[in-house]
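Take the given structure of chain E and dock chain C to it, following the hints.
In order, the protein sequence lines correspond to chains E and C.
The opening position of the first sequence corresponds to residue 1 in UniProt numbering, with each subsequent residue numbered one higher.
The opening position of the second sequence corresponds to residue 1 in UniProt numbering, with each subsequent residue numbered one higher.
Note that these hints are calculated values from the structure, not bench results.
Because the structure is a prediction, the values reported are computed rather than measured.
Some chain C residues close to chain E (C-beta under 10 Å, calculated; not the full set):
| id | residue |
| --- | --- |
| 1 | G208 |
| 2 | R259 |
| 3 | S319 |
| 4 | E326 |
Covered stretches of chain E (in silico footprint by chain C; criterion: 3 or more residues with CB under 8 Å from a CB of chain C, positions within the stretch not fixed):
| id | stretch |
| --- | --- |
| 5 | 150-164 |
| 6 | 216-228 |
We put the beta carbon where it would ideally sit given N, CA and C, even for glycine.
Residue-level listing of the chains:
Protein chains: 2
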Amino acid sequence: MTTTRPGSLSALRLANQRRLLSALQDGRQISQAELARLTGLAPATVSGLVRDLADEGELVVGEGVANGRRSRMVQRAPGRLRYGIGMYLGRAHVEAVAGTEAGDLLAESSAELARGYAPDAAAEAVVALATEVRERAGLTPDQVFGVAVAVPAPVDVRTGTLTEPVILPALVGVPLRERLREALGRPVVVENDANLGALALTRRAGAGPGPLVYVKVATGIGAGVAVDGRLVRGAAGSAGEIGHLPLDPGLTTVCRCGRRGCLETVGSAESVRAALAGALRRDLATADVHDLIAAGHPVAVRVLEDAGEALGRGLGWLSMVVDPAEIVLGGPLTAAGDAWLGPVERGFRRAVLPGVARRTRITLSPLGESTEAVGALIASLMENSHIAVEMRTDKQDVNA
Amino acid sequence: MTTTRPGSLSALRLANQRRLLSALQDGRQISQAELARLTGLAPATVSGLVRDLADEGELVVGEGVANGRRSRMVQRAPGRLRYGIGMYLGRAHVEAVAGTEAGDLLAESSAELARGYAPDAAAEAVVALATEVRERAGLTPDQVFGVAVAVPAPVDVRTGTLTEPVILPALVGVPLRERLREALGRPVVVENDANLGALALTRRAGAGPGPLVYVKVATGIGAGVAVDGRLVRGAAGSAGEIGHLPLDPGLTTVCRCGRRGCLETVGSAESVRAALAGALRRDLATADVHDLIAAGHPVAVRVLEDAGEALGRGLGWLSMVVDPAEIVLGGPLTAAGDAWLGPVERGFRRAVLPGVARRTRITLSPLGESTEAVGALIASLMENSHIAVEMRTDKQDVNA
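Extracted from the complex, chain E is given alone in its bound form:
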């Protein structure tokens, strides 16, 4: 791992280089003046960085016309556009996308996993799918900048291991990051899926600096919290584990964590499916649930409303802790649209102080089902999240 002296010129230079390269990541050719505007860097700084990056073969510089004037135009060198692999390892399947910094997806693939899979089987499936999607994208191993794997459980990103044995037992103690790194020969990041969703959303156009929370509502419920564009991971990756807020200890449903009344037992997509299956006394798959909701089946509507209100209350608790500007929801229930969002908002407004109720926006993820995978792709292309984490802790003295 590269170590950079905090506060040094080389750290500043590295940060400015990244800022500049990320402004060029969509592959467009833009003028140096525009680059200065986009990055907030001084024109002289941009000139120097462009010259050095062109020498290193990262950028192509040419003459062109911008705003009617002859200008120095800059573009990412095509061969240097980074490729990454973003993956999602769930309870019953694994997904992979290969794509570029510009957000173009080159290949996608997924595979089923037997529920309750053995750790080795999961690691092998992840390696196999990463290899498959790389080959289908026409990439050599060396062309892949990095691989990031989203998992629906708390992760200590420093070690790439899972920290809460009760949440995804199959993978606890499995050195997933090392296995993948050895098999693929590339840098690997393992990170919580909701955190990666939040990462994806902080990078979208128009995202403000105010705290942003992404909530993935599926089998479980997890939140990714970003403050000033940075993920709040907690002491060991358990920040945002709101699926286990004890929303109603009086309820008798025992959660997989061993406690009762956890938010995920009453507010998750799985809780909607289970409650509906129970009420209708038949087996239901996720697709059946969507059909019933879309058809306005009264039992389905009521079950969805109750789950939405419960989720809203849980989000209210979260908001009393971090006071987000925006809460973005993801996962299969987003397909129900306002029929779900309305009850979530009602539950939320009742659970928070008036100022928070008035200010906080709750929306459905514009990235849909791809939110976590897009986040994993972004993370796979990042310079080195560990360096970023360490640089951060050295900035204490300039911030309150």
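The following block gives chain C in isolation, referenced to the frame of chain E:
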């Protein structure tokens, strides 16, 4: 307000200057080599900064001996040591301390306020006490670098106004910061008391970068959350308002916020006093409560245990959102020591996932009753918290 182009050399220089000055804030004379070690800056960078700061009269440079070798020794110019005023404006009293960057308190004072005071009366009392403590410290108005006022309510630090009308109605809409700035002629910061407590604790020796939560338990309950040494204030200052987590909606106590079963109705110092007074059927002051607890009165012990367990559960909810490394408790109940801390820990361990229960340390504030005032003093001496906030939002691209 000074604006600095983000990522520019001057922003880096300012950050490095602050880092260097803060290493010298205790007034000691130390060698340049030691300064480089303490700040993590390159020796050449330290040399340049010391030369420039000495030219500006901020530092005094001389020859001395460090580690047995002749060395260039550096010290803060005595006349340049900053003085600040830290204040606390509560529901029934106002406190002020005048002190130095080195943490020396020069004068302290406090005054009673009538409960339910009028806004003007509070503003006048704050101005009068700030003036009094300044004069008792022997300082001219110009010698005061700044004033910070801690208030037990959510504050929007950008405007210095209170954002939740139900929490401290007397001050809502009062331009406290402007009133003080006009009357005292110095920069003024108004900030939530628990946030300032967290600020004080992040600056103590040995504080790690892991999330730290300071919880002030008094009439109400508020938390200050610091991640990587930075305060999480939220979209409009309501982060950490855990006193209004709906811990038990089935309870009939109506909270001042208009809802039922809020944590502060069952876990605050005031709730202990009220429950004990009710059970013993007599009026009790705070001092009486402490006497009964110290004497081991069985009703007092039980009431304290119940309140501690309720607080612990609320802290568990908070921890599922931010996963702190350490939770530090403050306020009058700290005087009860383990008789309170034990039940808090029991309630906490039952409310969180096993990994969080195992890792999170819960302690009593080593700064005791002064935690908020020390935090206010630190804030009064800070360069400009608004600049810091703005610089922060520009660093998104170097962090994940």
